[in-house]
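J.: Residue numbers (my numbering), protein chains in the order written: chain L, 1 to 168; chain Z, 169 to 336; chain H, 337 to 504.
Just so you know, these hints were derived from the structure itself, not from any lab. Be careful, since some hints might not be right.
[What the hints assert, rightly or not] Listed below are the simulated SDA-like cross-link pairs for lysine to any residue, each with C-alpha atoms no more than 20 Å apart in a straight line:
#, chain 1, residue 1, chain 2, residue 2
1, Z, Lys335, L, Leu21
2, Z, Lys335, L, Met164
3, H, Lys487, Z, His185
[Said to hold, decoys possible] Distance ranges between label pairs, derived from CB positions:
#, chain 1, residue 1, chain 2, residue 2, range
4, H, Ala444, L, Glu150, 34 to 40 Å
5, H, Asp375, Z, Ala215, 36 to 42 Å
6, Z, Ala275, H, Ser387, 26 to 32 Å
A virtual CB, placed ideally from N, CA and C, is assigned to each residue, including glycine.
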Amino acid sequence: MSLTFVLGGARSGKSRHAEELVERLAPPWTYIATAEAHDAEMAERIALHRSRRAEDWHTLDAPHDLATALAGLPADRPVLVDCLTLWLTNRMLAGADVAAESAALAAALGACKAPLVVVSNEVGLGIVPDNALARRFRDAQGRLNQMVAEKADRVIFMVAGLPMRVKG
Amino acid sequence: MSLTFVLGGARSGKSRHAEELVERLAPPWTYIATAEAHDAEMAERIALHRSRRAEDWHTLDAPHDLATALAGLPADRPVLVDCLTLWLTNRMLAGADVAAESAALAAALGACKAPLVVVSNEVGLGIVPDNALARRFRDAQGRLNQMVAEKADRVIFMVAGLPMRVKG
Amino acid sequence: MSLTFVLGGARSGKSRHAEELVERLAPPWTYIATAEAHDAEMAERIALHRSRRAEDWHTLDAPHDLATALAGLPADRPVLVDCLTLWLTNRMLAGADVAAESAALAAALGACKAPLVVVSNEVGLGIVPDNALARRFRDAQGRLNQMVAEKADRVIFMVAGLPMRVKG
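Extracted from the complex, chain L is given alone in its bound form (with noise of 0.2 Å):
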């Protein structure tokens, strides 16, 4: 129906803002999640996430074949996608082909039927990080990001928790 990509840094408010957005359709709302628990860290996170949402949303997880979660939702229950960033360093981690998965899942954004909110993080405004891997994994977020966001009706840049309209 209507895909509406969220941008931003760390901590600038992106998931919140993207739970807003949804919250503004009517429940029951699915939430996406892409985040594995790596670590300590990354467990607290997620809880940290979690405990925020109502008990209108429903969860899935999909760190990993996240085009297949989307082609099964049903097409009247707004959807929110947490978050690209999280799903790429899975496959990438994975040893996956993520140029090729990355136009997959921006098509796969594009053909669902749902009003979907789609998170990911803009990770290319720093200096050239030290190590290859990270360089790569930079490069394939700034190729995914720009894919979903030529798929998208509307872009929004997050700043300190406001949004800058990009695109719609």
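Based on the hints, put chains Z and H in the right spot on chain L.
T.: Showing chains Z and H alone in chain L's frame:
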């Protein structure tokens, strides 16, 4: 009276723009400096910033107790706080409870009667830092920026010396 | 004639957008490349960029003496400079006085008679880098970007392949 929040990256012209905003108001102006010269590089930056300011500026150092400094200000004198990133660095290195202190500082900024321009860095738009302290700082800075932006009447994001209006 | 400055992060679609801006004008177009292939990763990026361009493009390499290359241009031919970040890297690694050269380059860009589109990276929105050279580069890049943005008629900040108008 009014709170303007000027956010941006390193060398984005934040301080200069913030000074110009204050200098549009009637002097004398108060400059609250949060810098502590931990090394020669910092000392040089502080000296450079000071040398740029005219004599209508009265400088007040508050590298740690910024909330108290704000509480003691006269209501009719424009104030520049430069910057929250150095304050947060100082407090974190001192082992403070930065979450609690950030909330208290945001409240103090919101309650301040003087016309205020506050400078801070956006630090969350690069790749996830390798070390845990840098990640903690990045999170704390992002949360502080969100809290101050919420209180602010006007929020400006600097890009290459140019202001982008985010709020107000 | 007119100077457009396209700023953005890694993989933000800067080069593609800048090329599209130039290709709206009548050909032939001049592409001033500042890349030096220090390693295989760079060589691959350069080849990728070149393969994207049509034959109406005439390429000119100026990894170091960019100001001289600009001075020798005909006034009626649109020019793309891609990018200032690689130029700055080359000059810094060569031990140049980058502050002086940045000022001279900004002046040369401002004085150029040809319609110009100039690409550069924003690198200051992450956490402070660990090593001193990266910090010096970040500062030099920020200052150069400010100088060019001041001369520019139009400044564009790219987010996920989408242009945000900052000036003009």
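J.: Does each hint fit the structure? Answer for all of them.
T.: Structure-based check of all given hints:
1. Straight-line distance between C-alpha atoms of Lys335 (chain Z) and Leu21 (chain L) comes to about 18 Å, which keeps the hinted pair within the 20 Å bound.
2. At roughly 9 Å between alpha-carbon atoms, Lys335 (chain Z) and Met164 (chain L) fall within 20 Å of each other, so this suggested pair holds.
3. Between Lys487 (chain H) and His185 (chain Z) the alpha-carbon distance is near 17 Å, which keeps this suggested pair within the 20 Å criterion.
4. The hint said 34 to 40 Å for the Cβ distance between Ala444 (chain H) and Glu150 (chain L), and at roughly 35 Å that hint holds.
5. Look at Asp375 (chain H) against Ala215 (chain Z): about 39 Å separates their beta carbons, and that is inside 36 to 42 Å.
6. Distance hint check for Ala275 (chain Z) and Ser387 (chain H): the Cβ-Cβ separation is about 56 Å, which falls outside the suggested range of 26 to 32 Å.
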